[in-house]
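Here the structure of chain A is known, so what remains is to put chain B in place on it, guided by the hints.
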Amino acid sequence: MSSITVAIVNIEQNQQKTTIHELLHHNAPQFELLTDSPSQGIQSEERRRLARCGLSFVENAIARIRRLKPQILLMNTSRAMHECCDLLLALRDQCPGVRTLLVIDEAIEEDDLVQALACGARGFITVDLDSVDLTKAVSAINRGEAWVPRRMTATLMQRIVSASL
Amino acid sequence: MLILLASNNKHMLLRWEQGLFGLFPTAMVHSFQPLTERLGKLRPDILLLDYALPGLKNQQSISELINVAIETKIVIFSSGFSDDIEWRLLKIGVKGCCLSDLNAAQIKRVIDVISQGELWFRRSLTNRILSELVKVTFEKNRIEQAVRDLLENLTRREYEIAMLVSRGDSNKKIAQQLAITERTVKAHLTEIFRKLHISDRIKLALIMKDIVKSS
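Protein chains in written order, with my numbering: chain A, 1 to 165; chain B, 1001 to 1215.
For reference, chain A alone in the conformation it holds in the complex (with noise of 0.2 Å):
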């Protein structure tokens, strides 16, 4: 069975990445992380960063997925819904193949949270979780399902049906 390619983008600078890297590596060789690899050459990371200079964060977050080609993007974000909804959005237009998977921690709003799956965000997991919750909601997400917890399906439902209105 090929592995589920996953990239991993973080929206707040100085992010706490370790947890999930460390997760991921576990398990390989289930997922595979793709990252901007020092052996596609010192000269080639030099150009890519000069030629960012100037583009806005969700701009060279795109272009970085774009290169990349995961299946799964993990969002990393801990406050700045705004700007993951930004990129949800460039997403859904640029990416549309990529399936985004939230990984947040417990002080996010729930109706940022909502905001969020609105732009296109197939689920969250919460920054704490254990390997074991991380294989699952990777691999639903990677078959077409989502990741959202039964509790607040109600809330988007409400949310549905007052749009349509």
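Quick caveat, the hints were computed from the structure, so don't treat them as lab data. Glycine residues also receive a C-beta, built at the ideal position from the N, C-alpha and C atoms. A few of these clues could be false.
Unchecked claim - Restricting the straight-line Cα-Cα distance to at most 30 Å, the calculated cross-link-like pairs of lysine-lysine (DSS-like) are:
no., chain 1, residue 1, chain 2, residue 2
1, A, Lys69, B, Lys1108
2, B, Lys1010, B, Lys1057
3, B, Lys1108, A, Lys136
4, B, Lys1172, B, Lys1213
5, B, Lys1172, B, Lys1135
6, A, Lys136, B, Lys1091
7, B, Lys1135, A, Lys136
8, B, Lys1186, B, Lys1213
Claimed, not checked - Residues from chain B that keep clear of chain A, each with C-beta distances beyond 12 Å, as calculated:
no., residue
9, Phe1032
10, Gln1033
11, Gly1117
12, Ile1143
13, Gln1177
Only chain B this time, still in chain A's reference frame:
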């Protein structure tokens, strides 16, 4: 918490009663006509409804039940639902769709979940919920943008009058506030209606309220 059981299937009623035994008071009906009456009188917290109940004509009848007792949470039991039917039932306001052969413990679990304000349906529909959420949000944003574009055609004075209309102010009151004549207010309103492609001040008020809410 009162639970109303609606079925004429003895086995189904027995399983429901086993699941709820000693936990909640229940009442029972065996066909659609008395169901609407008892629903209106008893106003139960939850209605367990057999989709094959005599007299029940699919979703139309269920919409009627929802209108009779809007606070009652309806859970439908059937030997099988297609994804489409289950989705439509959820969209009209049903809180849960279950297979008829749930055992007593599962029925109790359904009641716990529904009474906490959650929904009970098969997991595969979550995907549809998310897709629909994205679709309706996109459509709503598109309409709001179109209305904003139309509003940009209004002059500052017209926009001011539109906002006052959304507060429910009469032409007379608007005229007083802006120190202009009522006739001028009417002229501005005619121009606003023309630019926004609407015919009355109620629609204008709704548009302006939506715009204020979404900004």
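How the hints compare with the structure:
{"no.": "1", "hint": "A:Lys69 - B:Lys1108", "result": "46 Å, violated"}
{"no.": "2", "hint": "B:Lys1010 - B:Lys1057", "result": "21 Å, holds"}
{"no.": "3", "hint": "B:Lys1108 - A:Lys136", "result": "27 Å, holds"}
{"no.": "4", "hint": "B:Lys1172 - B:Lys1213", "result": "26 Å, holds"}
{"no.": "5", "hint": "B:Lys1172 - B:Lys1135", "result": "42 Å, violated"}
{"no.": "6", "hint": "A:Lys136 - B:Lys1091", "result": "28 Å, holds"}
{"no.": "7", "hint": "B:Lys1135 - A:Lys136", "result": "26 Å, holds"}
{"no.": "8", "hint": "B:Lys1186 - B:Lys1213", "result": "26 Å, holds"}
{"no.": "9", "hint": "Phe1032", "result": "25 Å, holds"}
{"no.": "10", "hint": "Gln1033", "result": "28 Å, holds"}
{"no.": "11", "hint": "Gly1117", "result": "6 Å, violated"}
{"no.": "12", "hint": "Ile1143", "result": "10 Å, violated"}
{"no.": "13", "hint": "Gln1177", "result": "32 Å, holds"}
Of the numbered hints given earlier, the model fails hints 1, 5, 11, 12; all others are met.
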